[in-house]
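Novice: Please work from the sequences and hints to get the whole structure.
Listed below are the residues making up each chain.
There are 2 protein chains.
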Amino acid sequence: MTVPGCPLCEKAGGRVVLQTPKWRLIHAQEAGFPAFYRLVWQEHVREFSQLARADRIVVVDVLAAVEQAMLQSLHPAKVNLASLGNAVPHLHWHVIARFDWDSHFPGAVWAALQREADAARVQQVAAALPGLEEAFKTALLA
Amino acid sequence: MTVPGCPLCEKAGGRVVLQTPKWRLIHAQEAGFPAFYRLVWQEHVREFSQLARADRIVVVDVLAAVEQAMLQSLHPAKVNLASLGNAVPHLHWHVIARFDWDSHFPGAVWAALQREADAARVQQVAAALPGLEEAFKTALLA
Numbered sequence: 001m002t003v004p005g006c007p008l009c010e011k012a013g014g015r016v017v018l019q020t021p022k023w024r025l026i027h028a029q030e031a032g033f034p035a036f037y038r039l040v041w042q043e044h045v046r047e048f049s050q051l052a053r054a055d056r057i058v059v060v061d062v063l064a065a066v067e068q069a070m071l072q073s074l075h076p077a078k079v080n081l082a083s084l085g086n087a088v089p090h091l092h093w094h095v096i097a098r099f100d101w102d103s104h105f106p107g108a109v110w111a112a113l114q115r116e117a118d119a120a121r122v123q124q125v126a127a128a129l130p131g132l133e134e135a136f137k138t139a140l141l142a
Numbered sequence: 001m002t003v004p005g006c007p008l009c010e011k012a013g014g015r016v017v018l019q020t021p022k023w024r025l026i027h028a029q030e031a032g033f034p035a036f037y038r039l040v041w042q043e044h045v046r047e048f049s050q051l052a053r054a055d056r057i058v059v060v061d062v063l064a065a066v067e068q069a070m071l072q073s074l075h076p077a078k079v080n081l082a083s084l085g086n087a088v089p090h091l092h093w094h095v096i097a098r099f100d101w102d103s104h105f106p107g108a109v110w111a112a113l114q115r116e117a118d119a120a121r122v123q124q125v126a127a128a129l130p131g132l133e134e135a136f137k138t139a140l141l142a
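Those sequence lines, one after another, are chains A and B. Going by the numbering used here, the first residue of the first sequence is number 1, and it counts up by one from there. Going by the numbering used here, the first residue of the second sequence is number 1, and it counts up by one from there.
Bear in mind the hints are in silico, worked out from the structure with no lab data behind them. Just so you know, these numbers come straight off a predicted model, no measurement behind them. C-beta: ideal position from N, C-alpha, C; glycine also. Keep in mind that the hints are not guaranteed to be accurate.
Coverage of chain B stretches by chain A, computed from C-beta distances (three or more under 8 Å per stretch; other residues unrestricted) [as the list claims (entries may be wrong)]:
id : stretch
1  : 33 to 42
2  : 45 to 55
3  : 99 to 111
Specialist: Set out below in structure tokens:
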């Protein structure tokens, strides 16, 4: 089902890194957060619990694989996982590698700015994304 | 493993609603968000993907049951799920029933205040929590 006016039904929502008939992984392109990805359910589903249990497990397997690849490739301070959807109620999960030097750490990325992002370090993480995305493919399309 | 100084190893972190050897569900008691619960993994684990797959599925089954009970008992605008842990890196999931009248909607609860919470509606949701928590028990301890 495609819902007219839903931005995640009508558009990818970012650069598509991987996709299958059930889900797509996009690079979110949020300034200051180079390793910010979103796992988007292809079908328009509002709440996580409205997925069939087997599909919830698909989501969790993908989230865990993305997180593991981030931990191994980027060595972040923490990975953040969140499904909010207040503004865009089409099921999507934020998967964000967080660093102690990032603009909002230890706050949530939606919270108040703590400092300016360190441009050199942002660039360093951005440079590691091709390797990270290869790791996503290895883990998820095997 | 108990980590000295970890607030979720040393204390419950809120009012315990349900617990099993693997996890506990606490009422978070965050002002303005009456239906804000946290699912805390009993063992000190840092990242979700560091759980065994069977345990990740336990987490997801609990999250889905809590969310479903919220949807049926409270009819929120949206349920928010998040595992951040930047400040307290002991695995816990926020499960929050959000309402279009709440103080931060449609922003994240960590984002800027949008308006004062509607005290009468906060009280109305608070009054529904005993029924909600009975529904948690029915779903999770069956």
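Novice: None of the hints should be skipped; say for each whether it holds.
Specialist: Do the hints match the structure? See the list:
1. 33 to 42: violated (count 0)
2. 45 to 55: Holds, because 5 residues of the stretch 45 to 55 of chain B bring their Cβ atoms closer than 8 Å to Cβ atoms of chain A.
3. 99 to 111: holds (count 6)
This entry does not satisfy hint 1, going by the numbered hints stated previously; all others are met.
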